[in-house]
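Peer 1: Read top to bottom, the protein sequences are chains Z and H. With this note's numbering applied, the first sequence corresponds to residues 1 to 413, in that order. With this note's numbering applied, the second sequence corresponds to residues 1 to 93, in that order.
It cannot be assumed that every hint is accurate.
The following residues of chain H were derived to be distant from chain Z, with all beta-carbon distances above 10 Å [to be verified]:
| id | residue |
| --- | --- |
| 1 | Ala21 |
| 2 | Leu35 |
| 3 | Arg58 |
For each label pair, taking beta carbons as the anchor points, the in silico distance ranges come out as [claimed, not checked]:
| id | chain 1 | residue 1 | chain 2 | residue 2 | range |
| --- | --- | --- | --- | --- | --- |
| 4 | H | Leu75 | Z | Ser349 | 52 to 58 Å |
| 5 | Z | Arg236 | H | Leu2 | 55 to 61 Å |
| 6 | H | Leu51 | Z | Ala97 | 42 to 48 Å |
Calculated directly from the structure, the hints in this document are not laboratory data. Even glycine gets a Cβ: it sits at the ideal position worked out from N, Cα and C.
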Amino acid sequence: MANQMHKDMKQAPPVFISGKAAKTRFQRTRMLGRAAARVLLVLLFAAGLYLSVVPAGRADLRTTLILPALLSASEPPALTPADESVRHTQLIIPAPAGGVYLDVYAPTTPTPLVPGVRGGVVIVPGVGDNRAVPQLVNLATSLAHAGLVVMTMTTPTLIDNSMSAQDSDGVVQAFETLAHWPGVSANRIGLIGTSGGGPLVCFAAADPRIRDQVAFVALFGSYYNATSLLRAFGHRAFMVNGHLQPWQPDPYPKQVLADTIAGTLPSLESTLLQNAFAPNGKPLTAADLAQLSPSAVAAYHLLSGDEPDQVDANIAALSPQMHALLDQLSINRVVDKIRAPVYLLHDRSDPSIPITESREFAAALARIHHPYDLAEFGIFSHVLVRSGLDIGQLLSDGPHLFQVLSNILYVGS
Amino acid sequence: MLVLSSVWFVLGILIGALANAARLRPASWDRHGRLLMLGVGALAALLGGWLGVLLLERAVATAMALWVAVLGITLPWLVTREWFKAKGIAPGK
Numbered sequence: 001m002a003n004q005m006h007k008d009m010k011q012a013p014p015v016f017i018s019g020k021a022a023k024t025r026f027q028r029t030r031m032l033g034r035a036a037a038r039v040l041l042v043l044l045f046a047a048g049l050y051l052s053v054v055p056a057g058r059a060d061l062r063t064t065l066i067l068p069a070l071l072s073a074s075e076p077p078a079l080t081p082a083d084e085s086v087r088h089t090q091l092i093i094p095a096p097a098g099g100v101y102l103d104v105y106a107p108t109t110p111t112p113l114v115p116g117v118r119g120g121v122v123i124v125p126g127v128g129d130n131r132a133v134p135q136l137v138n139l140a141t142s143l144a145h146a147g148l149v150v151m152t153m154t155t156p157t158l159i160d161n162s163m164s165a166q167d168s169d170g171v172v173q174a175f176e177t178l179a180h181w182p183g184v185s186a187n188r189i190g191l192i193g194t195s196g197g198g199p200l201v202c203f204a205a206a207d208p209r210i211r212d213q214v215a216f217v218a219l220f221g222s223y224y225n226a227t228s229l230l231r232a233f234g235h236r237a238f239m240v241n242g243h244l245q246p247w248q249p250d251p252y253p254k255q256v257l258a259d260t261i262a263g264t265l266p267s268l269e270s271t272l273l274q275n276a277f278a279p280n281g282k283p284l285t286a287a288d289l290a291q292l293s294p295s296a297v298a299a300y301h302l303l304s305g306d307e308p309d310q311v312d313a314n315i316a317a318l319s320p321q322m323h324a325l326l327d328q329l330s331i332n333r334v335v336d337k338i339r340a341p342v343y344l345l346h347d348r349s350d351p352s353i354p355i356t357e358s359r360e361f362a363a364a365l366a367r368i369h370h371p372y373d374l375a376e377f378g379i380f381s382h383v384l385v386r387s388g389l390d391i392g393q394l395l396s397d398g399p400h401l402f403q404v405l406s407n408i409l410y411v412g413s
Numbered sequence: 001m002l003v004l005s006s007v008w009f010v011l012g013i014l015i016g017a018l019a020n021a022a023r024l025r026p027a028s029w030d031r032h033g034r035l036l037m038l039g040v041g042a043l044a045a046l047l048g049g050w051l052g053v054l055l056l057e058r059a060v061a062t063a064m065a066l067w068v069a070v071l072g073i074t075l076p077w078l079v080t081r082e083w084f085k086a087k088g089i090a091p092g093k
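Take the sequences, apply the hints, and build the full model.
Peer 2: See below:
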């Protein structure tokens, strides 16, 4: 046994060599660890600097804060400590076409000392009284949590399920009110219009009073040309690459168009047309149609979609007042007067306004070399996030939505 | 703000620990040097966070806390290194 131990001790030199190797390996690991820690610190420094000081980084950070709330249609509680606390106030400002109802969501924290940091957004959330729609409130609150002052607006005409080009004056007034809001930089205010709010936002963005100040225009599920929209309703289809694609519109946009067009008709005809497309309204009988003028009959057939082969003839039969109204409500009349970049977002299978409207708008902007971006999504139903989205849909549309949202917020960063 | 300040404080301590691992401790900080690095990291992160809230906005304050903390723990190392260089002494001797 003792001999064996002696033998082992005699074999000490190899053990000494392996100890030296282990020491060298330990030193190399320490050096690697030190280098890794330094690289990590450099990366953290660069990331922090980019996300806080560079405007594009701030926009990316804001988008990261907003996107989960937008996709889940509710604010994730995990982000709450980093969020600005928000105050909601309601205002009414007078306007030539009636009052303008404003809901303001503003951060409660004092205005940042660096001038011009706080941006703002005016949102026109379409036709109808959408002020309490949870997804709109969620969007406005999320944007305000990320440091923007958000103003959602509506008018008596919109609440009355109708549209009037004069309401764009209300958008201009809302913009000017926001431009004078404490801490808000006047040249960092964008306009967002969803559905029927889109044209009003565009008319305001083309208005000489504010067009040089508007930072961006974003339209979500909106139309470009009211006549081509009516044509799609008449056909119950829209044209894609030269082929008619069947399309069944929701009842609400038909009601809105009926209410809007009815304004050009005498009282009796107006009531008949409106009642036909009101909720629980019944199709007009031959006797009802006999009471209407040819232009009102043409409008009825276009909206009810019961004469898809007569669409061109029915469009031609509309009265000059109706044509003038449709032209007034079309964005194509002001497209060359808009100065701000335009962002178009649209649901691929939108049941209220066909996607071809946004594509037509994008084509018009491309023709005049105006900066724009068109994003088509499958995660929305018209302008609301679909419920029960699977991970595949989120992964396919999420990055695109992030990019568009970041581009929009970059202008206000 | 208390929650957010706590987040910045912890973030600063983590960055201080990372700086210890990166051996960015000035050679002259012999006694309690490691603890001092954690403290400097935490203080710098708090300063950065609060500056972020005051100058920019709350949403970007954590990002500002991050880079100010890294700057805060790197600065003493850089300054002492340059000082030793200027004096012609190798750091740590």
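Peer 1: Each hint needs a verdict: does it hold in this structure or not?
Peer 2: Hint check:
At the 10 Å boundary, the C-beta of alanine 21(H) falls inside the reach of chain Z, the nearest C-beta of that chain being 4 Å off. The beta carbon of leucine 35(H) sits about 18 Å from the closest Cβ of chain Z, which is more than 10 Å, so the claim that it is off the interface holds. Separation of arginine 58(H) from chain Z is inadequate, the least Cβ-Cβ distance of about 5 Å not exceeding the 10 Å criterion. At about 56 Å, the CB distance of leucine 75(H) to serine 349(Z) agrees with the hint of 52 to 58 Å.
At roughly 59 Å, the beta-carbon separation of arginine 236(Z) and leucine 2(H) lies within the given 55 to 61 Å, and the hint holds. For leucine 51(H) paired with alanine 97(Z), a C-beta distance near 46 Å keeps the hint of 42 to 48 Å intact.
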